[in-house]
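S.K.: Kindly generate the complete structure, drawing on both the sequences and the hints.
In the order they appear, the protein sequences are chains A and B. Last residue of the first sequence: number 337 in the working numbering, and the count goes up by one each step with no gaps. Last residue of the second sequence: number 328 in the working numbering, and the count goes up by one each step with no gaps.
Some hints here could point you the wrong way.
[Unchecked claim] Here are the simulated DMTMM-like cross-link-like pairs (lysine to aspartate or glutamate), alpha carbons at most 25 Å apart as the crow flies:
1) B/Lys173 x B/Glu126
2) B/Lys173 x A/Glu133
3) B/Lys177 x A/Glu133
4) B/Lys173 x A/Asp122
5) B/Lys173 x A/Asp125
6) B/Lys177 x B/Asp156
7) B/Lys173 x A/Asp144
8) B/Lys177 x B/Glu126
9) B/Lys173 x B/Glu211
10) B/Lys177 x A/Asp125
11) B/Lys173 x B/Asp156
12) B/Lys177 x A/Asp122
13) B/Lys173 x B/Asp150
If you are wondering where the hints come from, they were derived from the structure by calculation, not from laboratory data. The structure presented is a predicted model; accordingly, all values stated were derived computationally and were not measured.
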Amino acid sequence: MTTAWHLDQDLVRRYAAGATDGVLAASVEAHVVACGECRRRLAPAVDRGRLGTVWAGIADTVDTPRAGGFERLLHLVGIRPDTARLLAATPSLRASWLGAVAAVLAFAAFAAGSGPHGQLLFLTVAPLAPVAGVALAFGRAGDPTYEMAVATPYSAFRLLMVRTVAVLATTIAIAVTAAVVMAGPGWFAVAWLLPALALTATTLALAERVEPVYAAAGLSIGWLTVALTAWRATAVPALFGPAAQLAFLAVAMLACVEVVRRRDRLAYLIVGGAS
Amino acid sequence: MTPQAAVYADGVSKSFGRTPAVAGFSLTAEDGVTGLLGPNGAGKTTLLRCLATVHAPDGGTLRLLGRDPGIAEQRREIRRRLGYLPQEPGFQRGFTAFEFLDYIAILKEMVDRRSRHDEVRRVIAEVGLETVSGKTIRKLSGGMRRRLALAQALLGSPELLILDEPTVGLDPEQRLRFRELIGRSGEGRAIILSTHQTEDVAALCSQVVVISEGRTRYAGSPAEMVARAAGRVWLDTRRDPSAAVAWRTGDGRYRNVGDAPAGADLVEPSIEDAYLLLVGDRALSLADAS
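M.R.: See the structure below:
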């Protein structure tokens, strides 16, 4: 094939440096495929280091398996690919878990429409969703790679925090949605939030000594016992009143301080409650 | 014998509640392969967890790569140069083999995406899983998962490799490949592995440590361990009452291990004989006898 047009020295230099726009670069590439003379002129102008980088980039793109659906969703909302992969490894952020949480809370919200007892059922159940989610995000029972992860230089405290924030954000979003559709006084829709935070933070504070799932199970049983006692005592239990809410806030804050203060303990395997 | 060795343990102990799992363990390991032999419940896993920095010892002195794992910053330095294969490695089974290794590589602080992916591909090739790297882990066979678990330990070419029973679940061909791999990668790094397979020790290790009930029963070369059993293994048509351990072999005769009576038909000891002498039924101690 013959052509009147050839690459001049300036275009060779600009193309070799990657300084041409997409359209011009495509024209150059289409031409050099057919023109041996321009290929010879272009070849010595291309920096070998740059060529290697470009080639490695192509190889990586072709060779790297596509991220799963959940990770791509996280990329879409602006989460960095590295962090997205750490979150994708969290069992309580999987679709099956979040679906189960949504189903339980939808049932509780539906029950809330039946009257005060239904509303109390929702308020009692809603705080347990984030607690269970956080407990399954870290530790031997919830994270199958936990022991390998502890032996890496990545801070276990940071990993716990990243996952806790993600689990809280998703489960609380589900619970708030359920609460919004629930019939009842406005404050009822958020009255479960501070108990949820208090229970979650206490689970984390205990996680430095006890497997998180055991801590969460114990705390959940305790919470259900208290709630049941309060139900029996009064029609509108003081458990969700202003004084109790302040107490939950205090517990949550104290537990958070404890988590931060003892964060170095997370650098080792948690052995309490498990072999 | 210096705290600058890859592993320097002096009187290391670890208890859970009142139960001592490791009691006064000492070891110095330089580059090369050190094999840890011992019966189930001997404390091998707890000990390896201490060496992998995931357990903090209760007592004694432990230095890894010349650093103190009890100090947070030094522990992090150790972990940057450490590969660890736990006894029961778990996986996110929905991940592909590549995604799982990439996840561990992120935890190993490999920040640059492209070079991290290159490293993931390198270890996948190292353990021979190239053809299944895009498959989800739930579709991999047990042997492939063991190799995948080993691959994560090799990420970043660590200077210290702690492998807890790496050959469990591997068929003979895979065990051979594993030995080749460890033999290749043993130079310029220290590898501590535990095993039930005495042949693994004979084939791989320059140093062997036998532990039982949390204590060291033997530490030295495999050849010396075998030599110490010389004159204490004999064949007989019956189970000799003076033997510590005896079993019926394929030709119908009994292989007796222990203090041989005069005139016994002595045979060359194997490393397994030597091991059984150390921790066998009556736990005859060569250390005490010699």
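S.K.: All hints are to be evaluated individually against the structure, with a verdict given for each.
M.R.: Each hint tested on the structure:
1. Restraint check for B/Lys173 and B/Glu126: satisfied, since their Cα atoms lie roughly 21 Å apart, inside the 25 Å limit.
2. At roughly 17 Å between alpha-carbon atoms, B/Lys173 and A/Glu133 fall within 25 Å of each other, so this suggested pair holds.
3. Simply put, B/Lys177 and A/Glu133 have alpha-carbon atoms about 20 Å apart, close enough for the 25 Å limit, and the pair holds.
4. The suggested pairing of B/Lys173 with A/Asp122 holds, with an alpha-carbon distance near 17 Å, which does not exceed 25 Å.
5. Distance restraint check for B/Lys173 and A/Asp125: the Cα-Cα separation of roughly 13 Å lies within the 25 Å cut-off, and the hinted pair is therefore satisfied.
6. For the proposed pair B/Lys177 and B/Asp156, the alpha carbon gap of about 24 Å is at most 25 Å, so the pair holds.
7. Proximity of B/Lys173 to A/Asp144 is assessed by CA-CA distance (about 20 Å); at most 25 Å being required, the pair is judged to hold.
8. A hinted pair counts as satisfied when its Cα atoms are at most 25 Å apart, and B/Lys177 with B/Glu126 qualifies at roughly 18 Å.
9. In summary, the hint linking B/Lys173 to B/Glu211 is supported, as the alpha carbons are separated by about 22 Å, within the 25 Å threshold.
10. Restraint check for B/Lys177 and A/Asp125: satisfied, since their Cα atoms lie roughly 20 Å apart, inside the 25 Å limit.
11. Our distance criterion of 25 Å between C-alpha atoms is met by B/Lys173 and B/Asp156, whose separation comes to about 18 Å.
12. For the hint linking B/Lys177 to A/Asp122, the alpha-carbon distance of about 24 Å falls within 25 Å, and the restraint holds.
13. Note on B/Lys173 and B/Asp150: the hinted pairing holds, with a Cα-Cα distance of about 24 Å set against a maximum of 25 Å.
In the structure shown, no violation is registered for any of the earlier numbered hints.
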